[in-house]
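Kindly generate the complete structure, drawing on both the sequences and the hints.
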Amino acid sequence: MTLKLKMQLAISVAVLVSSFVLVQLAMYAIRSQAAVDAARIRAEKTAQVKQDLTDKVNTVYALIDAQYHEAVDERYLEKRYGHRLRAILDVAGAALREHIRRAERGEIPLERAKREAIATLRAMRFDDGKGYLWINTVGRPYPKMVMHPVLPQLEGKVLDSPEFTWAKNDGRNLFQVAVDLTSGRADGFIRYTWPEPDGKALAPHMPKVSRVRRFEEWGWIVGTGIYVDEAVREKLAETTSSVRSIRYGSEYFWINTSDAPVPRMVMHPIRPELEDQLLDRPEFELVVNGRRQNLFTAFRDIAQQHGEGLAEYVWPRPTASGTPGQPAAKLSFVKLYRPLNWVIGTGRHVDDIEASIAQKTSEAEVQVTSLVHRIAISSLVIIVLATLGVSVFAGALTRPLAQLVGMARDIAADEKHLSRRIGLRSKDEIGELASGFDHMAGRLEQSFRHVREQEERLRSVLSTIPHSIYWKDRRSVFLGCNDPFAKDFGLPSAESIIGKTDAQLGLPQADRQACAARDADVLASGQALLDQRETLRNPSGSEVHYLVSRVPLRDAAGDLIGVLGVLVALPEP
Numbered sequence: 001m002t003l004k005l006k007m008q009l010a011i012s013v014a015v016l017v018s019s020f021v022l023v024q025l026a027m028y029a030i031r032s033q034a035a036v037d038a039a040r041i042r043a044e045k046t047a048q049v050k051q052d053l054t055d056k057v058n059t060v061y062a063l064i065d066a067q068y069h070e071a072v073d074e075r076y077l078e079k080r081y082g083h084r085l086r087a088i089l090d091v092a093g094a095a096l097r098e099h100i101r102r103a104e105r106g107e108i109p110l111e112r113a114k115r116e117a118i119a120t121l122r123a124m125r126f127d128d129g130k131g132y133l134w135i136n137t138v139g140r141p142y143p144k145m146v147m148h149p150v151l152p153q154l155e156g157k158v159l160d161s162p163e164f165t166w167a168k169n170d171g172r173n174l175f176q177v178a179v180d181l182t183s184g185r186a187d188g189f190i191r192y193t194w195p196e197p198d199g200k201a202l203a204p205h206m207p208k209v210s211r212v213r214r215f216e217e218w219g220w221i222v223g224t225g226i227y228v229d230e231a232v233r234e235k236l237a238e239t240t241s242s243v244r245s246i247r248y249g250s251e252y253f254w255i256n257t258s259d260a261p262v263p264r265m266v267m268h269p270i271r272p273e274l275e276d277q278l279l280d281r282p283e284f285e286l287v288v289n290g291r292r293q294n295l296f297t298a299f300r301d302i303a304q305q306h307g308e309g310l311a312e313y314v315w316p317r318p319t320a321s322g323t324p325g326q327p328a329a330k331l332s333f334v335k336l337y338r339p340l341n342w343v344i345g346t347g348r349h350v351d352d353i354e355a356s357i358a359q360k361t362s363e364a365e366v367q368v369t370s371l372v373h374r375i376a377i378s379s380l381v382i383i384v385l386a387t388l389g390v391s392v393f394a395g396a397l398t399r400p401l402a403q404l405v406g407m408a409r410d411i412a413a414d415e416k417h418l419s420r421r422i423g424l425r426s427k428d429e430i431g432e433l434a435s436g437f438d439h440m441a442g443r444l445e446q447s448f449r450h451v452r453e454q455e456e457r458l459r460s461v462l463s464t465i466p467h468s469i470y471w472k473d474r475r476s477v478f479l480g481c482n483d484p485f486a487k488d489f490g491l492p493s494a495e496s497i498i499g500k501t502d503a504q505l506g507l508p509q510a511d512r513q514a515c516a517a518r519d520a521d522v523l524a525s526g527q528a529l530l531d532q533r534e535t536l537r538n539p540s541g542s543e544v545h546y547l548v549s550r551v552p553l554r555d556a557a558g559d560l561i562g563v564l565g566v567l568v569a570l571p572e573p
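Numbering follows my numbering, with no gaps: position 3 of the sequence shown is 3.
The hints are simulated quantities; they were obtained by calculation from the structure and are not laboratory data. All C-beta atoms in this analysis are idealised placements derived from N, C-alpha and C, irrespective of residue type, glycine included.
Ranges between beta-carbon positions, derived for each pair: (1) Arg452 to Ser540: 32 to 40 Å; (2) Ala355 to Arg75: 49 to 57 Å; (3) Glu78 to Gly290: 46 to 54 Å; (4) Arg31 to Ser245: 41 to 49 Å.
Okay, here's the thing in structure tokens:
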């Protein structure tokens, strides 16, 4: 790879790395700001939703509270139920007076008339059997019970038990109050507490309002009444019906009890089939405020612990027809209405908040993509301009280097080129490199000249020695010899022995083995073998007797690199 290409590549890499770092920093900054904006949007919108839900529940709470207090107000009870109780007493009174008249006319005996009148009033029921009539006497100080369809064990007994001191008028015996109340007029209202006959009372003894009427002919007082909880139920049925119809957008209100262990549903406009049912279905096992639990149990716990509070969970979004649709994130506000132990709640699906945040995140990603495109285009332009700049200005740098490279190649190919010089006169690093290269070439030329002179001198010495000399490497391959050795073994020149072995010199196998063994002894021991008599057969087939010395051949570091042998020819015996 050329220096120009390396420079272009380096600049391109630098630009790309810088662009990548800039992109990463910009992406981090944009996304961090988007995260901050998303958190702010979530907090602001969630706060708005919480306040809105709180206001809505408080409005419904106030409505239910007003209706409840109206339902238990005595004036309301007398006004609303007074006519109904009067009408019931009118019907009962008409039946009773008919029996009185029959007895007065002598049509039937008095006792029989009373028995038949008692039977008639005992059988009279209203309000799905919960409403009834009773008869007590006007006796003093305490009256007797003549007939009571719910507590027949009281019939014939004097009503002086302390358990009858439930009248709210003055805390006296309620039957005494009935006697006193009707002594100056026909009808009157009594407010007291009494067991509810169907066992569905809100308490063991429920508040009750009764209307009593005196019948002087037989000294009887006939009474009937309505339980306050029934009045409350009727009133609150109207209230829950109104709450059921309240909508804001697709959202609604619901009411559940705070019963333990599992609440019941009082009213749910979207899921009316849940009403009066225990809310223990598996579908209500949800993650509420980060913890898996029963949804309505969570509502109850929040309301009981704090009076009111918020819950986050996932709930089906109502469809256009009002039926449950796809689940979505929801935030609900619940509040405990203690007089009835109701939990009033409403909620709002808040996936629109997440949609706003997703839009903000999407906008940030669009900015990131646009920024990446702009930086990528800018980087490409910079790379192109840098490449052109390198192409224009790199020539001044690369031409001297190319001369240096060419000259180095020529010198490596043939030492005769050491006499050449670049001759670049520049004060920069390349000029210094060229000057240093010229100086090095001069030194090398001088060194080579000295080596050649030494080589020629050594060769002259070796050639004038009358004995045969050779030298081998550790593999017993010849590295060189002098002219007498080349002549003895029929070689055209001393240089031709380089790279040959004993076998290539034409020595018989026995001679080769002997020479190889002695060379190996020297290499193994590192010690010289001097003045050993040996007989070798030359290429012409004649036997020649030698006095042979072998010494280890070492390099400048002292490492054993081969064997040097000297063969001194002995005269024929």
